[in-house]
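**Student:** Chain by chain, the residues:
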Amino acid sequence: GEDVEQSLFLSVREGDSSVINCTYTDSSSTYLYWYKQEPGAGLQLLTYIFSNMDMKQDQRLTVLLNKKDKHLSLRIADTQTGDSAIYFCAERDYNTDKLIFGTGTRLQVFP
Amino acid sequence: KAGVTQTPRYLIKTRGQQVTLSCSPISGHRSVSWYQQTPGQGLQFLFEYFSETQRNKGNFPGRFSGRQFSNSRSEMNVSTLELGDSALYLCASSVEQGNNSPLHFGNGTRLTVT
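Chains as they are written, first to last, in my numbering: chain A, 1 to 111; chain B, 112 to 225.
Hints listed in this document are in silico derivations from the structure and should not be mistaken for laboratory results.
Even glycine gets a Cβ: it sits at the ideal position worked out from N, Cα and C.
There's no promise every hint is true.
Stated by the list, open to error - Only pairs whose alpha carbons sit at most 27 Å apart, straight line, appear in this in silico DSSO-like list of lysine-lysine:
#: 1; chain 1: B; residue 1: LYS168; chain 2: A; residue 2: LYS56
#: 2; chain 1: A; residue 1: LYS36; chain 2: B; residue 2: LYS168
#: 3; chain 1: B; residue 1: LYS112; chain 2: A; residue 2: LYS70
As the list claims (entries may be wrong) - Computed footprint of chain A on chain B, listed as stretches where at least three residues anywhere in the stretch have a Cβ under 8 Å from a Cβ of chain A:
#: 4; region: 151-161
#: 5; region: 177-188
Isolated chain A (complex conformation):
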């Protein structure tokens, strides 16, 4: 079945760039998404990329997609303490349309 994997933790210094990585198995995925979850809150949609694209930039966020390797990354430029949260990548299953989520990466930003 489909599987989406992420590393569990990432710690960066304020002002540095953060890169959160994700690998997925379903080669027929149509869209891939990044969500952010802060404590006690739901999931906030950050950005998404269509599978025929290899890059998308949105202000401080850059998404890179390597479809051959089924690898997705989210780069956050000039990381701030407010960026501390759990980040989930998700792929959209081609057959069922449901979202398959990764395990989430906890980003900790220290001063």
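Given the structure of chain A, go ahead and fit chain B onto it with the hints provided.
**Tutor:** Chain B only, in chain A's frame:
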């Protein structure tokens, strides 16, 4: 525009009871999905509704059910609660089913079963 609204925010129930959770989607959104989030299993898909019809269902027992009303609002019900049903239940809405209709999530209902 108001976001996805879930009520209640917190619930405490005992084993064997049943519970109903409510979700109001973003205005104009016709598709509603439900997810269960637990520390051990992560985010698991429960079901999706579109135009009052269940379109997709995850691998959960029949104790988990849902429905969608004509105004797109949705409810999910869990009967005969078990300790393992303790979780954050997230509702998400999208404009339409499939294609590029990103899901927008509510803040969830945290259910604790004792």
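**Student:** A separate judgement is required for each hint: does it hold in the structure or not?
**Tutor:** Hints and how they fare:
1. As the CA atoms of B:LYS168 and A:LYS56 are separated by approximately 32 Å, the hinted pair breaks the 27 Å bound.
2. Distance restraint check for A:LYS36 and B:LYS168: the Cα-Cα separation of roughly 25 Å lies within the 27 Å cut-off, and the hinted pair is therefore satisfied.
3. As the CA atoms of B:LYS112 and A:LYS70 are separated by approximately 35 Å, the hinted pair breaks the 27 Å bound.
4. With a threshold of 8 Å between beta carbons, the proposed coverage of the region 151-161 of chain B by chain A holds, since 4 of its residues qualify and at least three are required.
5. Given as covered by chain A, the region 177-188 of chain B fails the check, having 0 residues with a CB less than 8 Å from a CB of that chain where 3 are the minimum.
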